[in-house]
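Turn these sequences into a full structure, and let the hints steer you where they fit.
One line per chain: the protein sequences are A and B, in this order.
Final position of the first sequence in my numbering is 1201; the numbers increase by one with none missing.
Final position of the second sequence in my numbering is 1201; the numbers increase by one with none missing.
Among the clues, some could well be false.
It does not matter which identical chain is used: a pair holds within one copy or between any two.
Here are the computed lysine to aspartate or glutamate pairs in the EDC-like style, where the Cα-Cα straight-line distance is at most 20 angstroms [what the hints assert, rightly or not]:
(1) K1062 <-> E1196
(2) K1075 <-> E990
(3) K1096 <-> E1063
(4) K1115 <-> E1126
(5) K1075 <-> E1125
(6) K1115 <-> D1188
(7) K1115 <-> E1125
(8) K1096 <-> E1125
(9) K964 <-> D1010
(10) K1096 <-> E1033
(11) K1007 <-> E1172
(12) K1062 <-> E986
(13) K1115 <-> E1189
(14) K1075 <-> E986
Worth flagging that the hints you see were computed from the coordinates, not collected in a lab.
On a predicted model such as this, the values are computed, not experimentally measured, just so you know.
Number of protein chains: 2
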Amino acid sequence: MAITVVGSVAFDTIETPAGRRERCLGGAATYFSLAASYFTDVRVIAVVGEDFGRRQEAVFQERKIDTRGIEHMAGKSFFWEGSYLENLNEAKTHITDLNVFAAFEPKIPDVYRDSEFLFLANIDPILQRRVREAMPDVKLVAGDTMNYWIKDHRPALLEILKELDILLINDTETKMIAGNNNLVQAARAVMALGPKELVVKHGEYGATLFGEEAKTFRAPAMPLEEVVDPTGAGDSFAGGFFGYLASQPEQSPAAYRRAMFYGSVMGSFACERFGTERLQKLTREEIDERFNLFRELTHLA
Amino acid sequence: MAITVVGSVAFDTIETPAGRRERCLGGAATYFSLAASYFTDVRVIAVVGEDFGRRQEAVFQERKIDTRGIEHMAGKSFFWEGSYLENLNEAKTHITDLNVFAAFEPKIPDVYRDSEFLFLANIDPILQRRVREAMPDVKLVAGDTMNYWIKDHRPALLEILKELDILLINDTETKMIAGNNNLVQAARAVMALGPKELVVKHGEYGATLFGEEAKTFRAPAMPLEEVVDPTGAGDSFAGGFFGYLASQPEQSPAAYRRAMFYGSVMGSFACERFGTERLQKLTREEIDERFNLFRELTHLA
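Below you can see the structure in the form of structure tokens.
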């Protein structure tokens, strides 16, 4: 079943201990949709500038991702520059230029309206809510957010949380929303605000699913020999997770558990090369091979 | 098969968000032996002062732990005071009084000499080596260490690492020994120094086993509703891990995996009460119940 995703499509300049790349294709919606595209049809809603050309468009096309919802505006695309020189687990932001993204008004193509799954990547919660309201018939809505919205846009964030079936955030964001330093208590408090399932991402230590449907479940991350670039790992996790769920006839507790594994799998691939390089050229066989590796890594027998 | 453990038996004053306790029974050898005692016979080598009386002795007796190797000296026992007010994952040390521990010369009772398993808890690597050499017939030797020995006693540490079958340390210690910030690369570098199996403890995120015998394996930690006191969780992990291994007829890869789970189980119990309180009063049924919970928490189906 098709997923519509709304979020950023951007250019990133990234520096890590493995090197530096100028103006890679990036953005949450990009990572999400590439990762999800290995499981199901994906449709993107975003805004880009004149610097987004055929080469960038081709990255989506090759993965058969529907880009009719990517609006082209005069000006430049969202640009981010950051580094991970001291700590691979946390980006240091040097530049954030919103550019055309500052005026983003998500427009939903009519051909997207039969999507049964909706992913609201990390954007202004007011926009997340607008998209959600414009697509009242979706079957399952998942979303992400970040510290900026949690701290300074709490009322709008609380509104969209009510609308989410699944929220995917990290440890710090969970504790920040709840104002509670114990992860289990914080998770429960966040779920009381709306999301029926909460996926807390722990970076290199995997992720935990807290839920109504599924019992608490912890998926590992891959211990990686080399983390080339962690940018987009969380969005790739979300894409693998939600993409797999959308591909299943039933979103059963067992499907949620496998989805957690596919999330970890896609997050681990994302880290192996700069930007979206690795996510562009995977095969379903490689993905399932790594899924099996994750099973071996965590299962007793 | 019996385990001999050498390490500290101490008094701890602990402050956490859950409260404060004065002079609890503590020390690495105490936590280790209590945790291991649910799986196999445990014999302790340590030194205590005149403040270690019948009440403390009884804690070991009730778990049928052999204390004939605990030497009693004039003076006070090792005393540690620390708090976890800001961060439950890292103790802030306020006081470390070595007291009688400063003159510790491990003496091995003859009745301990047929032990087939030896655990060298975190003490001076010179003493670890002396004990290891005095027990040449043990079948499996595991050990722990800490930043202090890694930084300031490297030559002695390198000597004992050569003698270890299994080393149990945390992420920071692994990276510090290897001088490498990537966990997988660091783990490999540490294993090149001697240990055939390396268990890296990730605190609230579980632990990873890197090994010759066993393939890489990641055990979760329990997401705990309330962490009352994390003191001794790592030593309790080691006790559960090594105790379970020693209880098995064969130390197969599958046994190592289950041992990782039992390590996590005992570590999680340790955090639920101050000091050794929770570890003193468990049943094997409670332990296996939690083991099964861990399996549910991590297994796909």
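Provide an ascending list of the numbers of those earlier hints which the structure does not satisfy.
Hints 1, 11 and 12 not satisfied by this model.
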